[in-house]
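Chains as they are written, first to last, in my numbering: chain A, 1 to 318; chain B, 319 to 604.
Worth flagging that the hints you see were computed from the coordinates, not collected in a lab. Values in this document were obtained by computation on a predicted structure and should not be read as measured data. Just so you know, even glycine gets a beta-carbon here, dropped at the ideal spot from N, CA and C. Among the hints, a few may not be true.
[Stated by the list, open to error] Anything over 10 Å on all C-beta distances counts as not near chain B; from chain A, calculated:
#1 Leu31
#2 Ser36
#3 Cys41
#4 Ser51
#5 Arg105
#6 Glu142
#7 Asp262
#8 Phe298
[What the hints assert, rightly or not] Derived, one-sided and incomplete: chain A residues facing chain B with beta-carbon distance under 8 Å:
#9 Leu99
#10 Leu120
#11 Gly170
#12 Tyr173
Residues per chain, in single letters:
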Amino acid sequence: MNLHGTKSSSCTGGFGFAIPWVIGLVLLTLLPAAASIIMACYEWDGLSFSSGAKWVGLTNYSMLLFDDPQFKRALNNSLLYSLIGTPLSVGAALGAAVLLSKPVRGIGFFRTIFYLPHVLGGVATVMIWSWLLNPRFGPINEGLRMIYQLIDPLARLWQESGTTKWPRPGWLYSPEWCKPALILMQIWSLGGAMLIFLAALQHVPKNLGEAACLDGANRWRQFWHVTWPVLTPAILFNVVTGLVASMQSFNQAYLLYNRSQDDGLLFYVLYLYRCAFEPPYRVGYASAMAWIFFGIVFGLILLAVRSARGWVYYEGQP
Amino acid sequence: MRLTRSKIFAFACLVAGSIVMIFPFWWMVVTSLSTPAEASASASASGFNWWPSDAQWSNYPDALRRMGSKPWIGFLDALTNTVVITTLVVIGQVFSCSLVGYAFARLRFRGRGVAFGLMVATMMLPVQVTLIPMFIMFRSFGWIDTMLPLVVPAFFGAPFYIFMFRQFFSQVPESLIEAARIDGCSHVRIWVQIMLPICKPVIAITTIFTFIFAWNDFMGPLIYLQSEEQMTLAVALNSFQNQYGDFRDAHYLMAASIVTMIPCIILFLVAQKQFVSGLSLGAVKG
């Protein structure tokens, strides 16, 4: 196919084009990963390796897994946030995408609005939410109070005990409510997953839906038998990326930690950051934590992908 | 009849959802224009205050003046640093990812398949694993408290965008490249004069996403930057919060937050079409 000269020149040229990535792979991924494996077996403050590092073997791992209550707390917090928050936000994104795929007037405008929070995600949006969720001055608790006032008289009809005090959630300031607060923020920025679903919905065969309609299938059956199978690969994708991203979430935890009580917002990556970059700088310990983290994230991905055989449909497959 | 009813239902849901999505921003604007007393009373027994009775536009200059320890200088430093870092990161990513994507899509070299598999595999490695050794490495280079650790890695490409460029370049018809080769065009010229002009949509998406990522990046600057003169807006905003963490200063915090969001809002509104076309490109990975 190629001219004779082209082939040889493209051999050398091709590698030349890939060089930026090759250098990056070696210097920014492979060498640091190897160094991290070695560091995890040392007790070290990260300053002078020759004088300060002490070989401890696998002690860092065993200490983390068996006698570090803070590590356990951080792991629990992150897993809880990730395993509850991800299905909720992926579900919300799916619902939003189904709504936004309908040919309604002004659909472009609605799509823009639903996508906006995802684009603007950053320190500023965390600041907004910390203010919205302020237990005393925030509009969310005010709204909840108004709803409560509406339903309270009804509730009293069958509940004799005069409940005049409503359970005002402390949100970020309370150990029980701080994770629901972060999950609310996560659901609010559903735009990224929604975009993936919108793309997948374009592949739903229209004629199949019409045929099902003619056969008298109701909307729900139509969705379940026609739309859902097409969406399953996108659901798997969003669940996997959502799990990984929420396990890695750092900004919210770091920015809001001071408000929380009882280490309620001590997330895995926040604890890792503190061990590595705050005195007494336990660099080896943090490296071991990073590898356990890799194991957990990898395990979660594997679990999701394994389960996919049962419920994900690919085109050309019955 | 059924159809219209379901349409009305969908429309109502969309309006309600939009209100939920927009409300936090709206509340942010209201708070940023309130007096301290009004800000803390705007959601209280008297009901919601949908617009401040006397909009305090001076909150904005006041808030920015208070950022950092020196009036105005703190804000201007943070703004300049953020703009410079973001611009360099975008240039680096577009340059390196398009180059490497072209190599993976169009050029033959020894070990290309293995290399590509390796690249996809590295996407699985959480950044936390390499974070600490990288910090130690950059410190040994003397790069701490400079923007180099934030900018230089961008020039070595990111697997996700390389993948996107590769997918796009793979779709370019072979005859186009063949013709150029016969005319004696080098691969560098093909890349600059043929490939880059036709892959504008991918360049646009890479630009938009890396812009937003770099602009909002918090952990990177937090780890690598130390002095106030080097700070970026994201970190400056947080130290601003700690300085005035009290709810009585919420109006300043909200005003400063809005200012840091403006570039991303403008970019989003200008480049909306590209976001939507990112939809079909996103389908490639989905």
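Report task. Of all the hints given earlier, name the ones this structure violates by number, lowest first. Result -> Of the numbered hints given earlier, those the structure breaks are 1, 2, 5, 6, 8, 11, 12, listed in rising order.
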